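Colleague: The chain contents come next:
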Amino acid sequence: GESVGLHLPTLSVQEGDNSIINCAYSNSASDYFIWYKQESGKGPQFIIDIRSNMDKRQGQRVTVLLNKTVKHLSLQIAATQPGDSAVYFCAENRNTGFQKLVFGTGTRLLVSP
Amino acid sequence: DAGVIQSPRHEVTEMGQEVTLRCKPISGHDYLFWYRQTMMRGLELLIYFNNNVPIDDSGMPEDRFSAKMPNASFSTLKIQPSEPRDSAVYFCASSRSADTQYFGPGTRLTVL
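Protein chains in written order, with our numbering: chain A, 1 to 113; chain B, 1 to 112.
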C-alpha cells in the first residue's frame with residue numbers, strides 16, 4: 001500500500017546470520033518490483049529488482065523472492081554484516097501506464113557484531 | 001558516474017521564504033523524479049518528468065510547490081511561500097528506462 005512510515009518494523013540479527021525482510025504489495029497488476037536500502041542520512045540505494053514473470057532472482061549475497069499468488073515479496077540477505085544495517089524498502093510499479101513506483105513502509109535492519 | 005547530484009544538502013529557512021532545491025540527474029537518463037520523505041508519510045512521489053516534460057504532478061501538495069526541468073541535466077523544485085509542514089527530506093531520482101530509479105543524497109529542509 002501507500003507509505004505510512006510512522007513506526008518502522010525492526011529486524012535485529014547477529015552478524016553472520018541470514019536475514020529475511022518481507023513486503024506485502026497491494027496491486028495484483030504490478031509487474032515490476034525493486035528493493036532499496038537506505039542508510040541514515042543518505043538516499044535510497046538500489047539493491048535488486050525482479051519482474052513479475054520471475055519468482056526468484058539472485059544477486060551478490062541477496063535474493064529476492066516473489067509470490068504473486070499472495071502478493072508477497074521478500075529480500076534475503078546472506079551472512080548479514082554490520083554494514084547491512086539500514087532501512088529496506090520494497091517498491092512496486094503499479095503498471096498504470098506511467099512510471100510510478102509506490103514504496104512500502106520500510107523495515108529497519110539492525111545487525112549486531 | 002557521479003550519480004544524481006542535489007543541492008543544497010541542508011536548507012534552513014523561515015516560514016514564508018522561497019526555497020529552491022536543485023537536481024542534476026545521471027547523464028543519459030530520460031526520467032527525473034522528485035520525492036519527499038517524512039516520518040509520518042514515508043516516501044512520496046511529488047512529480048516526474050520524461051524528456052524534460054512533466055508527466056505526472058498529482059503528488060504535488062499544493063500550488064506553493066512547482067517544479068521545472070529546463071534541460072536534460074537540471075531540474076528545480078520550488079516552494080513559495082514555505083511553511084513549517086514542508087520540513088522534510090526531498091530526494092531527486094533519475095532513470096534511463098521506466099524502471100530502476102537511482103536516488104540522490106537528498107536535501108534536508110527545515111522551515112522554522
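Derived from the structure by calculation, the hints contain no laboratory data.
Some hints could be false.
Taking lysine-lysine and the BS3-like style, the derived pairs with C-alpha atoms no more than 27 Å apart in a straight line are [unchecked claim]:
| no. | chain 1 | residue 1 | chain 2 | residue 2 |
| --- | --- | --- | --- | --- |
| 1 | A | K71 | B | K24 |
| 2 | B | K24 | B | K68 |
| 3 | A | K100 | A | K56 |
| 4 | A | K56 | B | K68 |
| 5 | A | K100 | B | K78 |
| 6 | B | K68 | B | K78 |
| 7 | A | K100 | A | K42 |
| 8 | A | K68 | A | K56 |
| 9 | A | K71 | A | K100 |
| 10 | A | K42 | B | K78 |
| 11 | A | K71 | A | K56 |
| 12 | B | K68 | A | K42 |
| 13 | A | K56 | B | K24 |
| 14 | A | K100 | A | K68 |
| 15 | B | K24 | B | K78 |
To be clear about the criterion: a stretch of chain B counts as covered by chain A if any three or more of its residues have a C-beta under 8 Å from a C-beta of chain A, and this derived list gives those stretches [claimed, not checked]:
| no. | stretch |
| --- | --- |
| 16 | 15–21 |
| 17 | 103–109 |
Being a predicted model, the structure only gives us computed values, none of them experimental.
A virtual CB, placed ideally from N, CA and C, is assigned to each residue, including glycine.
Colleague: Are the hints correct? Go through all of them and say.
Modeller: Structure-based check of all given hints:
1. At most 27 Å may separate the alpha-carbon atoms for a hinted pair to count; K71(A) and K24(B) exceed this at roughly 35 Å.
2. For the suggested pair K24(B) and K68(B), the alpha carbons sit about 12 Å apart, so the restraint of at most 27 Å is met.
3. Our distance criterion of 27 Å between C-alpha atoms is met by K100(A) and K56(A), whose separation comes to about 23 Å.
4. Proposed proximity of K56(A) and K68(B) is contradicted: the alpha carbons are some 39 Å apart, above 27 Å.
5. At most 27 Å may separate the alpha-carbon atoms for a hinted pair to count; K100(A) and K78(B) meet this at roughly 21 Å.
6. Taking the CA atoms of K68(B) and K78(B), the gap is near 8 Å; set against the 27 Å cutoff, the hint holds.
7. A threshold of 27 Å between alpha carbons decides the hint, and for K100(A) with K42(A) the separation of about 21 Å falls inside it, so the pair holds.
8. For the given pair, K68(A) sits about 11 Å from K56(A) by alpha-carbon distance, which is consistent with the 27 Å threshold.
9. Proposed proximity of K71(A) and K100(A) is supported: the alpha carbons are some 18 Å apart, at most 27 Å.
10. For the given pair, K42(A) sits about 21 Å from K78(B) by alpha-carbon distance, which is consistent with the 27 Å threshold.
11. Using a Cα cut-off of 27 Å, the hinted pair K71(A) and K56(A) holds, with the two alpha carbons roughly 14 Å apart.
12. Annotation: proposed proximity of K68(B) to K42(A) holds, straight-line Cα distance about 24 Å (limit 27 Å).
13. A C-alpha spacing of about 34 Å is found between K56(A) and K24(B), which places the hinted pair above 27 Å, so the restraint is violated.
14. Between K100(A) and K68(A) the alpha-carbon distance is near 20 Å, which keeps this suggested pair within the 27 Å criterion.
15. A hinted pair counts as satisfied when its Cα atoms are at most 27 Å apart, and K24(B) with K78(B) qualifies at roughly 15 Å.
16. With 0 residues having a Cβ less than 8 Å from any Cβ of chain A, the stretch 15–21 of chain B misses the three-residue criterion, and the hint is violated.
17. Only residues whose C-beta sits within less than 8 Å of a C-beta in chain A count toward coverage, and the stretch 103–109 of chain B has 4 of them, enough to reach three; the restraint holds.
Checked against the numbered hints given earlier, this structure breaks hints 1, 4, 13, 16; the rest are met.
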